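Join the two chains into one complex using the hints; note that each chain is given alone, in its own frame.
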Amino acid sequence: MNSKPRTYILSKKLDVFFGEVYNNVLFIGRFFSELGPPYEWKEIIRQCYMVGYKSLPLISVTSFVIGIVFTKQSRPSLSEFGAESWLPSLVAIAIFRALAPLVTALIAAGKVGSNIGAELGSMRVTEQIDAMEVSATNPFKFLVVSRVLATSFMLPVLMFYMAFISMIGAYLNILVNEDTSLVAFFVNALENISFLDFFSSLIKTIVFGFSIGIIGAYQGYNATQGTEGVGRAANAAVVTAMFVVFIEEIVAVQITNWFR
Amino acid sequence: MHKKEIHTSEREVVIAVRQLYKSFGSNHVLRGVDLDVHQGENVVVLGRSGTGKSVLIKIIAGLLKQDSGKAVVLGEDVATLDRKALRNFRLKIGFSFQNSALYDSMTVRENLEFPLLRNSRNLGRTAVNKAVQDVLDDVGLLHTINQFPAELSGGQRKRIGIARTLIMRPSVMLYDEPTAGLDPITSVEINNLINEVQQRYNTSSIIITHDLTCAKATGDRMAVLLEGKFARMGSFEHVFETDDERINSFYDYNFID
Ligand SMILES: Nc1ncnc2c1ncn2[C@@H]1O[C@H](COP(=O)(O)OP(=O)(O)OP(=O)(O)O)[C@@H](O)[C@H]1O
Ligand SMILES: [Mg+2]
Numbered sequence: 001m002n003s004k005p006r007t008y009i010l011s012k013k014l015d016v017f018f019g020e021v022y023n024n025v026l027f028i029g030r031f032f033s034e035l036g037p038p039y040e041w042k043e044i045i046r047q048c049y050m051v052g053y054k055s056l057p058l059i060s061v062t063s064f065v066i067g068i069v070f071t072k073q074s075r076p077s078l079s080e081f082g083a084e085s086w087l088p089s090l091v092a093i094a095i096f097r098a099l100a101p102l103v104t105a106l107i108a109a110g111k112v113g114s115n116i117g118a119e120l121g122s123m124r125v126t127e128q129i130d131a132m133e134v135s136a137t138n139p140f141k142f143l144v145v146s147r148v149l150a151t152s153f154m155l156p157v158l159m160f161y162m163a164f165i166s167m168i169g170a171y172l173n174i175l176v177n178e179d180t181s182l183v184a185f186f187v188n189a190l191e192n193i194s195f196l197d198f199f200s201s202l203i204k205t206i207v208f209g210f211s212i213g214i215i216g217a218y219q220g221y222n223a224t225q226g227t228e229g230v231g232r233a234a235n236a237a238v239v240t241a242m243f244v245v246f247i248e249e250i251v252a253v254q255i256t257n258w259f260r
Numbered sequence: 001m002h003k004k005e006i007h008t009s010e011r012e013v014v015i016a017v018r019q020l021y022k023s024f025g026s027n028h029v030l031r032g033v034d035l036d037v038h039q040g041e042n043v044v045v046l047g048r049s050g051t052g053k054s055v056l057i058k059i060i061a062g063l064l065k066q067d068s069g070k071a072v073v074l075g076e077d078v079a080t081l082d083r084k085a086l087r088n089f090r091l092k093i094g095f096s097f098q099n100s101a102l103y104d105s106m107t108v109r110e111n112l113e114f115p116l117l118r119n120s121r122n123l124g125r126t127a128v129n130k131a132v133q134d135v136l137d138d139v140g141l142l143h144t145i146n147q148f149p150a151e152l153s154g155g156q157r158k159r160i161g162i163a164r165t166l167i168m169r170p171s172v173m174l175y176d177e178p179t180a181g182l183d184p185i186t187s188v189e190i191n192n193l194i195n196e197v198q199q200r201y202n203t204s205s206i207i208i209t210h211d212l213t214c215a216k217a218t219g220d221r222m223a224v225l226l227e228g229k230f231a232r233m234g235s236f237e238h239v240f241e242t243d244d245e246r247i248n249s250f251y252d253y254n255f256i257d
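As they're listed, the protein sequences go chains A and B.
Going by the numbering used here, the first residue of the first sequence is number 1, and it counts up by one from there.
Going by the numbering used here, the first residue of the second sequence is number 1, and it counts up by one from there.
Hints were generated in silico from the structure; no laboratory data involved.
As the structure is a prediction and not an experimental result, all values here were calculated from the model.
Glycine included, C-beta positions come from ideal geometry on N, C-alpha and C.
Certain hints may be false.
Claimed, not checked - In silico contact screen, one side only, chain B against chain A (beta carbon under 10 Å); selected entries:
1) G94
2) Y103
3) T107
4) F114
5) R118
6) R164
Unchecked claim - For lysine-lysine, the following BS3-like pairs were computed, each having C-alpha atoms within a straight-line distance of at most 25 Å:
7) K84/B / K42/A
8) K70/B / K229/B
9) K65/B / K92/B
10) K141/A / K84/B
11) K141/A / K65/B
12) K141/A / K92/B
13) K130/B / K42/A
Said to hold, decoys possible - Restraint-style ranges between C-beta atoms, simulated for each label pair:
14) P38/A / S235/B: 43 to 51 Å
15) K65/B / G231/A: 23 to 31 Å
16) N23/A / G140/B: 42 to 50 Å
17) P38/A / E10/B: 42 to 50 Å
18) G19/A / D34/B: 29 to 37 Å
19) V21/A / Q19/B: 31 to 39 Å
20) F198/A / L81/B: 44 to 52 Å
21) F198/A / D67/B: 50 to 58 Å
So here's chain B without its partners, still in its complex pose (with noise of 0.2 Å):
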């Protein structure tokens, strides 16, 4: 169940967060947050609901403005990007979106194709048929290639969702609660699909969840987001050898047997 470790701090970081605020009128989201991603690191971002996880990583992919701090992602200050530089920089970001946001007019093939063809002009029809085949495939759901969104189950959903991202190769992968609401057998599949993608493409990603198998099986590392900043970050053990109530109460209501 548990993955190997692997030892990324002396890697390169891809994604450097530093001191992060982000207020909505008089709701302090975040507040402080600092956060680093290392080249081919899964991290696991765990928080209850309301905390801001999804916030922090919209301001990561450029969706949302921080109110100070500062987001480096693959060497850019996202914040600071014009329309042009944030376009060429979303190419290299995968985010899948919470609720899988798939484009409700298209056929999944359409919802495949609609980044490629609008980012890879000269590619031909050929190639671009053959894309999409693939990262179904990878998915495992060719056989729904003419279905409409509203046709399919969540969980083949959230695998569309991830695979529309996967098309354009990104190397930073950003999951918002990608287990949410599936059963457990789907969830494990989704989870080997993570690590997949990891393990091939040398992605680097932060996994938001709030089910703990899944982060147990896709995190190398975990963060914990209490109270607008990250309270734990380390290994899976270390993060719940405390006797913080907030974060062991977290534990104890992910596994009552």
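Extracted from the complex, chain A is given alone in its bound form (with noise of 0.2 Å):
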């Protein structure tokens, strides 16, 4: 009988952890190296579309409820120092700095994310991508860098717009208990948001949006035989991407406290 069956397993698994994070990182390396002309205009362009319908109705029912549920909740805290007056600003530094990006990212990784997989692994084993690369295409080119391309772009416009529907859902919340302009609101809101606020949120959303596609893409790519492979990569693509969201997340405003 073996031994020692605990420190093999946990050693193992290990194993198979950080051979999948080198896997990983051959495959960014690969993505950058890909990444010349000529592009696939035509395809990058789709995809975008895709990126966007896909997370576009959720994005908009999220960001309207979150703008005001938040803006309900902050509010007692706030009169009880009497300064309901910063209520505005606060609800936008909390959309801006962190709200939009995080929710915008963990919706895209779920919906976007899950597709890419799913759709890439099925194109594997029904071996669709060897045709491609039997005909002397480049499926990597056509497939992974048109989609990393896109969640990469799409995602910081979906988090500027996730922000704005949230600032509209705070000023109808606001509306409530006291009359303001539409203009005033977004005047006193907007007054708080640095440049380094919008800067470092158009970064962050940049990265979230090339783990997403990237992780999805890298499941979907080296999706194992039969369909059951399908569900995994599709499934290992949104559990993955959410998890390496929320580290880089915890990065961002370590390197954004930095500057500020």
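Written as structure tokens, this is what we have:
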């Protein structure tokens, strides 16, 4: 009998984990090496459209609700100090710095990341990727590069959209208690949003978008045989992407704090 | 029914496979495969399910790497090619997949254009359209040009898959079970197509099949894959003139009357 089963399993798991990390890094390296021309413009644009189309309804609803609820919940704490006039800028800061980037990324991981994993996974197991390969075309460029570019570009767009809709939600909630014009509300709210807030959220969401795209593509592109592999790829794409987004969020907060 | 005999043995060797070994874990699939395919020749590979027929042609097309041995195709040692050289090499290879592998998200037209647009970038729109129509006409499916793969029957998908490879005018064709799962009439149409391709473009082909009618109709030479290597090679009659039960049973089960 094996006398040390415990250590063996642990090291084996770690082995698999680091092997997976290593392969992901190689995959990212390949992405950058295949980035040059000729570009698959048509496919890139189609994928941008798909990213928007897939996540827009859910993002709209979520952001509107977040705007209303967050504002409503923040009011009592502020009114204790008689500081209700700070409400718009408090809400704006929370939304721009943290909520909009993170919630957009989580929704996109669920909707877009899983879709990329499933789509490429099914193309892998039905040999469509091999078919592109043997017809002397470049499936990596056509399938992976276009999707990752699309998520990297579209996530910031969706984030700003989400922030805007949340602010509308916030405004509607404030309107219940006091009579402010939309313009006055936005001026008040955006007064405390610095260029750093804007810039760091932009960079952060580009990184989120890249991660969601590349992780989904990695899982799908390397799906193993069988329809079961497609489901696994989709699932792994979501779980891994969410995990990575959280890690990146923590790192990003640290980095922006150095600059404040 | 029978093809007229051609004497290819003195012609140039286009595919030379030598002592090919391939395992997946403890599953030793290919165990010393040797095969020559001559210019303009159709070689039929017979063998039971799971003997490694698909694996063999995937190694020939550079989709899988062998553990040892060599596959030299059109003068290139396939396993040694880098990504760019492999792409150039594949311009000359046509691969018809067992399950057709059509691109689900594209119409028939887009499926056919896909390799063409990316490999001949200076080709004009009219030239691309003409190439697509010509090759669709060759396989008799011009009317499906705007349909999606999901709307086609299995036999139609197979023919579109073949058309998609023919559009690049390959000099070597690899057919993976071109008639599997098709009715006898459609099968005969596919057999005729394979022979037409051979005659019109002088291609050299490997045709994998379980279907002895297809083998007889398309093959200039047969090769029987058994336990990881070719057990018998030669004309249809020669291959089945044997006492080997494993080969005879293959024949018997195909023609139960
Ligand atoms: N990518 C792979 N990973 C692991 N095993 C594989 C892989 N490809 C093929 N195999 C195994 O190799 C063996 C031969 O497979 P192959 O597909 O070549 O069979 P085949 O002769 O084409 O059979 P069929 O007539 O059913 O298509 C099978 O046991 C299969 O499980
Ligand atoms: Mg097979």
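Structure-based check of all given hints:
Using the Cβ-Cβ criterion of 10 Å, the hint placing G94/B at the interface with chain A is satisfied: the shortest such distance is roughly 8 Å. For Y103/B, the shortest C-beta to C-beta distance to chain A is roughly 6 Å, which falls under 10 Å, so the interface hint holds. Given hint, T107/B at the interface with chain A, is violated; its Cβ is 14 Å from that chain's nearest Cβ, farther than 10 Å. Given hint, F114/B at the interface with chain A, holds; its Cβ is 7 Å from that chain's nearest Cβ, closer than 10 Å.
Of the supplied interface hints, the one on R118/B holds, with its beta-carbon coming within about 5 Å of a beta-carbon of chain A, less than 10 Å. The interface hint given for R164/B holds, since its Cβ lies 7 Å from the closest Cβ of chain A, which is under the 10 Å cut-off. Restraint check for K84/B and K42/A: the C-alpha separation of about 24 Å stays at or below 25 Å, so the hint holds. Proposed proximity of K70/B and K229/B is supported: the alpha carbons are some 14 Å apart, at most 25 Å.
Of the supplied pair hints, the one linking K65/B and K92/B holds, its CA atoms being roughly 19 Å apart against a limit of 25 Å. Taken as a hint, the K141/A and K84/B pair is honoured in the structure, with Cα atoms around 14 Å apart against an allowance of 25 Å. The suggested pairing of K141/A with K65/B holds, with an alpha-carbon distance near 22 Å, which does not exceed 25 Å. Restraint check for K141/A and K92/B: satisfied, since their Cα atoms lie roughly 21 Å apart, inside the 25 Å limit.
Of the supplied pair hints, the one linking K130/B and K42/A holds, its CA atoms being roughly 22 Å apart against a limit of 25 Å. Between P38/A and S235/B, the C-beta spacing of about 48 Å keeps the proposed range 43 to 51 Å intact. Take K65/B and G231/A: their Cβ atoms lie about 28 Å apart, and the range 23 to 31 Å holds. A hinted range of 42 to 50 Å holds for the C-beta pair N23/A and G140/B, which are about 45 Å apart.
Our hint of 42 to 50 Å for P38/A and E10/B holds, since their Cβ atoms are close to 44 Å apart. Remark: the range hint 29 to 37 Å for G19/A to D34/B is upheld by a beta-carbon distance near 36 Å. In this structure the supplied range 31 to 39 Å holds for V21/A paired with Q19/B, their Cβ-Cβ distance being about 37 Å. One distance hint, 44 to 52 Å for the beta-carbon pair F198/A and L81/B, holds here, with the actual separation near 49 Å.
At roughly 56 Å, the beta-carbon separation of F198/A and D67/B lies within the given 50 to 58 Å, and the hint holds.
Hint violations for this structure: number 3 only, all remaining hints satisfied.
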